[in-house]
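Asker: Each chain is listed here by its residues.
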Amino acid sequence: MDDFLVFKGVTKRFGAMTAVDDVTFNVKRGEFFSLLGPSGCGKTTLLRMLAGFERPDAGRIFLDGKDVTAMPPDKRRVNTVFQNYALFPHLTLWDNIAFGLRLQRRPKDEIEERVRRMLRLIQMEGQEWKKPTQISGGQKQRVAIARALVLEPQVLLLDEPLAALDLKLRQHMQIELDRIHDQVGITFLYVTHDQGEAMSLSDRIAVMNRGKVEQIDKPAALYEAPRSSFVAAFIGDTNFFEGTVTKLVDENYCRVSVEDFGEIVCFNDKHIKAGAKVYLSVRPEKMHLTHEKPADLHGGKVNVYECTVDQKIYQGAYTRFWVWRGASKDDCWELSVMQVHNRYLLDQQEIGWDEKVWLSWHADDGFMLESYAEQDEAMLPHPTEEASDAGAAPAPAPAPAGAADAEAAK
Amino acid sequence: MTDAAGRPRMGLWRRIRHHGGELALTAPSFLWMTFFFVVPTAIVFMLTFRPTAVDGGIGTGWTLETWKTISNPNYPSIVWRTIWLSVVATALSIGIALPCAFAMARTSAKWRSVLVGLVILPFWTSFLIRVFAWKNLLHPQAALARALHTDLGAAGFLALQDVMLFALLFGAGCLSVFLLNSWRMSSTARGKAACAALLAATVAGALWCAKLWIAFASARIGAGVCSIVPPGAPLLYNSLAILVVMVYTYLPFAILPLYAAAEKFDFALLEAALDLGARPVRAFVNVFVPGVKAGIYSAVLMVLIPALGSYVIPDMVGGPDAEMIGSKIYQRAIPDRNLPHASALSALLMLGVLVPPGIAWLVFRRRHIGATETDVVRSLGSSSNMGNSGGRRRREGGAS
Numbered sequence: 001m002d003d004f005l006v007f008k009g010v011t012k013r014f015g016a017m018t019a020v021d022d023v024t025f026n027v028k029r030g031e032f033f034s035l036l037g038p039s040g041c042g043k044t045t046l047l048r049m050l051a052g053f054e055r056p057d058a059g060r061i062f063l064d065g066k067d068v069t070a071m072p073p074d075k076r077r078v079n080t081v082f083q084n085y086a087l088f089p090h091l092t093l094w095d096n097i098a099f100g101l102r103l104q105r106r107p108k109d110e111i112e113e114r115v116r117r118m119l120r121l122i123q124m125e126g127q128e129w130k131k132p133t134q135i136s137g138g139q140k141q142r143v144a145i146a147r148a149l150v151l152e153p154q155v156l157l158l159d160e161p162l163a164a165l166d167l168k169l170r171q172h173m174q175i176e177l178d179r180i181h182d183q184v185g186i187t188f189l190y191v192t193h194d195q196g197e198a199m200s201l202s203d204r205i206a207v208m209n210r211g212k213v214e215q216i217d218k219p220a221a222l223y224e225a226p227r228s229s230f231v232a233a234f235i236g237d238t239n240f241f242e243g244t245v246t247k248l249v250d251e252n253y254c255r256v257s258v259e260d261f262g263e264i265v266c267f268n269d270k271h272i273k274a275g276a277k278v279y280l281s282v283r284p285e286k287m288h289l290t291h292e293k294p295a296d297l298h299g300g301k302v303n304v305y306e307c308t309v310d311q312k313i314y315q316g317a318y319t320r321f322w323v324w325r326g327a328s329k330d331d332c333w334e335l336s337v338m339q340v341h342n343r344y345l346l347d348q349q350e351i352g353w354d355e356k357v358w359l360s361w362h363a364d365d366g367f368m369l370e371s372y373a374e375q376d377e378a379m380l381p382h383p384t385e386e387a388s389d390a391g392a393a394p395a396p397a398p399a400p401a402g403a404a405d406a407e408a409a410k
Numbered sequence: 411m412t413d414a415a416g417r418p419r420m421g422l423w424r425r426i427r428h429h430g431g432e433l434a435l436t437a438p439s440f441l442w443m444t445f446f447f448v449v450p451t452a453i454v455f456m457l458t459f460r461p462t463a464v465d466g467g468i469g470t471g472w473t474l475e476t477w478k479t480i481s482n483p484n485y486p487s488i489v490w491r492t493i494w495l496s497v498v499a500t501a502l503s504i505g506i507a508l509p510c511a512f513a514m515a516r517t518s519a520k521w522r523s524v525l526v527g528l529v530i531l532p533f534w535t536s537f538l539i540r541v542f543a544w545k546n547l548l549h550p551q552a553a554l555a556r557a558l559h560t561d562l563g564a565a566g567f568l569a570l571q572d573v574m575l576f577a578l579l580f581g582a583g584c585l586s587v588f589l590l591n592s593w594r595m596s597s598t599a600r601g602k603a604a605c606a607a608l609l610a611a612t613v614a615g616a617l618w619c620a621k622l623w624i625a626f627a628s629a630r631i632g633a634g635v636c637s638i639v640p641p642g643a644p645l646l647y648n649s650l651a652i653l654v655v656m657v658y659t660y661l662p663f664a665i666l667p668l669y670a671a672a673e674k675f676d677f678a679l680l681e682a683a684l685d686l687g688a689r690p691v692r693a694f695v696n697v698f699v700p701g702v703k704a705g706i707y708s709a710v711l712m713v714l715i716p717a718l719g720s721y722v723i724p725d726m727v728g729g730p731d732a733e734m735i736g737s738k739i740y741q742r743a744i745p746d747r748n749l750p751h752a753s754a755l756s757a758l759l760m761l762g763v764l765v766p767p768g769i770a771w772l773v774f775r776r777r778h779i780g781a782t783e784t785d786v787v788r789s790l791g792s793s794s795n796m797g798n799s800g801g802r803r804r805r806e807g808g809a810s
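Chains L and P, in that order, give the protein sequences. Using the numbering used here, the first residue of the first sequence is number 1, and each one after it goes up by one. Using the numbering used here, the first residue of the second sequence is number 411, and each one after it goes up by one.
Excised from the complex, chain P in its bound form (with noise of 0.2 Å):
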């Protein structure tokens, strides 16, 4: 009774015994998990397959006929608004959150308290009270608004949206130096590859900038106004109201992950990378970005998966063509009662969340294996040199 390594091998009762510490701790967990999260899931995947009652309910048998109907001509374009705001929420969250987690973990110990509870402060506040306050801000009737339909304040909101569309070309353009960079400072193929495509995203995202504002400014030597929300436009019902307001919600759950890897980042680094040469903003970059590297993956995650799937910020502060799928799904469940289609949105949207972590989790095994891989591939290619001096292994094991 013994296995390979010769230890005694385990029986059943002995090994539950062994585990059952772990069992029973973790028992709690996997029953909750199991019925609120595997279970419901399982059921709506299972509705979409079942036809609709007529009195609203969900009748019996099997069809394929709500997969069928999922192509309704709108759905598209509310795929396509609920992918980019969410994606353009995501990036300028983390675009704010960096030096603020910077900051934050640079300040002395008394302050970073203060400051992390600043953060959490808004969640004191529910939820639907601060998108509600959002909605009395952006109102046509508020300060704000009002002052817009000024003279003074027109003028003030066109300089505005053309410094921000500056700034979004001044971010790709740093962005792609960055990336320039990392493609020239990464030793491995894989890491140039992903440089690349990042870097033609961001120089597609630029150009498309770029063009905006090429036409904006044409247009208004021809014909007067013109920019991405004209002066007299209503501030709330539409997209970037629902832009605003995603990232003024989803802010803390970038900050407070990127803080949580800002706080163990090693400062010393930062030094050492100006001591061999870099400049300030270079180090920070190129050193202190990839240093929290894991926080920006979760903050990617924290932020990009309960965008996708909000439903109470476009219901509340977007208009009848600034929907996204949350909104979709509830008018399909609730005012429509007509659940398998409900269900078939979820389906999709779910499947849709899982793509991101999907991606992460790819990445990080590829990389595990591509570390090994080229360890090995590169110790085989080098042990020719290693071979010729006798003595220098000696020494190596004599130091470690």
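Bound-form chain L, shown alone (with noise of 0.2 Å):
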């Protein structure tokens, strides 16, 4: 069961690039698994080599116990929805998704019916006559699902399947591909560069990083116990400290200096020995901006520090600050805080900008990480950067509603 679909050890380089490096992973039957990565982590390479476009140069593919590795790809039981939909424009609605069918040579009722439940799940019953070019983007999508789902694949692949609809209509889609998975119980494999779209969707994701798998986990596990800096940059936004073990409050906290900045209290769940060298990770909405130094620091377990707010920014759901702690605005710890607007208009004494206050965040919040690379910084947003298109570019999607989960927890 829960090797149903596996990829072991997979390699494929393309020229002098790696494009997919050592890649192992299990996905189980009727699994909604994701593979989410920035563009060029060979994501979509993966899914080529699953649906028998690319060859792997190295390691093996296993479908429901079956090496596949080196089969053509009209010989698996795998079916693609392609990025640009691909339907066939000289066809149907009907003739495109009948298209497998036929190839198979089934008989001409079981054809009619299978196709007939495929407009039925995609809600497009009374427009099969029309050809491709007649119909809107989300609609070529769902012809594109059914045409691909009406085979009763194994797996079934989405290649970016959202990238080319615009924002509302994604939304719509991401519900709808929702409710398909749910009634046709099929293992979908799902590529997306959207962090987005893969925490709504999947059961799992696996997110990728320059052929390399970083981490496999579900969507929550993903966000809140990032394992590398870049999976915690890349979903979402947050805060990196980089310092030393100096003591161990007990069995489950230690102390963690960080230099020009003070003394962290960390949640210590990977057992790290005092004098150990570590890298944090706080996710902005965890910290809390105060005018007054809090009260109550349950016992020891709340960090709390004097900064100064840098820059500031009201987007709707919440404010986006960017404060400094350190010796000099040009020599300091820049942080990123995200203070969700609960009782807004009762809290009148809003902060400004240059102004000092107390930044606070539970002990529990703060996450170590196995590795750190420094390049993964760059993917978090600058202050600079967000403040001159933040007009534009709403924030990104996740992570308010964590934030409000967040504080719902609490």
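No lab work stands behind these hints: they were computed from the structure. One or more of the hints may lead you astray.
Unchecked claim - Which residues of chain L face chain P? A few of them, derived with a C-beta cut under 7 Å, are:
1. 51
2. 80
3. 102
4. 103
A quick note: this is a predicted structure, and the numbers were derived from the prediction, not measured. For glycine and all other residues, C-beta sits at the position ideal for the given N, C-alpha and C.
Starting from two chains that each stand alone, build the complex the way the hints lay out.
Answerer: In structure tokens, the structure reads:
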């Protein structure tokens, strides 16, 4: 059950570039599994290898116990929903959906019945005699899904299926995809660069970077317990701290000394010994800004520091702050903080620019990373950049939701 | 002064001013086409009703004499030869051009321009010189003909003809499979009928080839050598020489429109077909070929029309018993000085040339009307299922 679809040491090179580097993971039967990563991380190559369009240079792919590594695409019970739909323009929607069944030489009645069932599933009955040029992008997407699903594949591959749609339609199609997955119960392998899409649809996500899988986990685990700085920075926004463990407070907590910042109390689930160098990630929405120093420090489990506001951007559901702490503004720790507007009207005393404020977060909200790479910092929104395009672009989707959840949990 | 939609109606002067730019831009080509196409064509048709003057010019008065004498007993065979040579040349050109266009569209951009350059390279040499070169290649004293006169060459020539016959049979088989398949994959009655008609033609052609082959085989067993072209026969001055040179000449005209269509073809569609369980050959014939359909139509027109009217090729490599209608028109016009008769033949040819685009136009128009009719009928037929769930329509609207 656990090894319905298995990638085992799969490697693919294009010339000098290694697109997929020794990737190993299992997908369960019926799972909605996502491959998430920036463009060029190898996720699409991985998908194309499962579809049979590329042959891995090393490693094996097993599907339901069978080695499919060298099987040609037309022999695999795997069907793909392509990014640009790839509907046959010379055929009607009905003929598009029936294409694979006719190739299998199914009886006429069966084809009729199965195509009709698919049209019902994608809610496009009565439009089956249109040509693909006569329908909208979202409808094309649904027909592409029906055309692949009608063959009852063992795995349905979706290659950035929503990338070509506009925002509203994308949200609608997310719900639609979720519904279809629930109804048909087929394993979905979903490739996307959109963290929001992956988070809201998937049972599990494999985050990929430079041809390697960084972490495979449930969406909440990826967000709350990222293993590497790449995962922490790619999914949502975060603050990184580099420090040394000075003292173990008790079995579960330790104190980390961060140069020019102070001591941070942190949850020590990895049982790091004193003296070790560690990297922390703290999500902006877990941090709080207050005028007064918080009174209740939960027995020393809350970190409190005095900071200065650098920038502030109001974004409706929340306000985004950049605060700094250190010797001067040019040589300091710059932190991103997200303040959700609970009881906004009652809280008349607004925090302004260049004000001295108290920054606090609970020790449980800091998370120790297993690996850290400095270039991942580049993915985090920078205050000046954010300030310049704040008017145009709304904030990343999952962060406010995560923030709201975090607030609700307390 | 408003029309039905409430817009102020345009006066004549305003309308001219409104479309003035368009008129000015199209006027030169309009005048050109009028004076150098429409008027000469009308003159050609008119001349067919004029008598011949004794000195070889055009007489005065009107007569139907030319149309009465046009039923020369030699003409039907010439017309038939013109048609079958042109149709076979067109089919061969497109058969060769389709894989070429596919390969050209799939190579890298750098190679593509090189290949397109190679396709149009022959145009840098005069057409006459190229046909003359073929005359040299096929000449009885040329290396090829002399090689064929040796025992080995004769055997090879026979074998080559066998291979070509086999290839024709094989091609007909492939085409039948494709047509059968298209018949199965198409859900409209019109599409099925078209496939069935083409299938019947293909099977007839295949049977003819098979009959020919069996006849040769039995003749060989009985009385030695027999084939389409006997090994000792001249390569030049016959219909096959015309066919070879026509395919050679018109191939670029088939490759270029097909390449233009193939370049626009979305090759992800081929992957989609493979993904849905089609083998590569099936994907090629069921997805690529329909995908470049427009290119095939224009390639047919680009090859068939000049082939029907070709005069230089039959004149240079065709013999006295391999004439085409183009050469007859020349004979009537220049050596015989019978201009009305030449005009009548030209008029016949012109009508014949107008038939293929006419059919193409009818097909395009019919298909368009057919689609909308089907849509209306189908949507009427299924409106009852649509009515069952009220919420669906609203959701549809939200999705699009």
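Asker: Next step is simple, just say for each hint if it's right about the structure.
Answerer: So, going through the hints one by one against the coordinates:
no., hint, in the structure
1, 51, "holds, 6 Å"
2, 80, "holds, 5 Å"
3, 102, "holds, 6 Å"
4, 103, "holds, 5 Å"
The structure agrees with every numbered hint stated previously.
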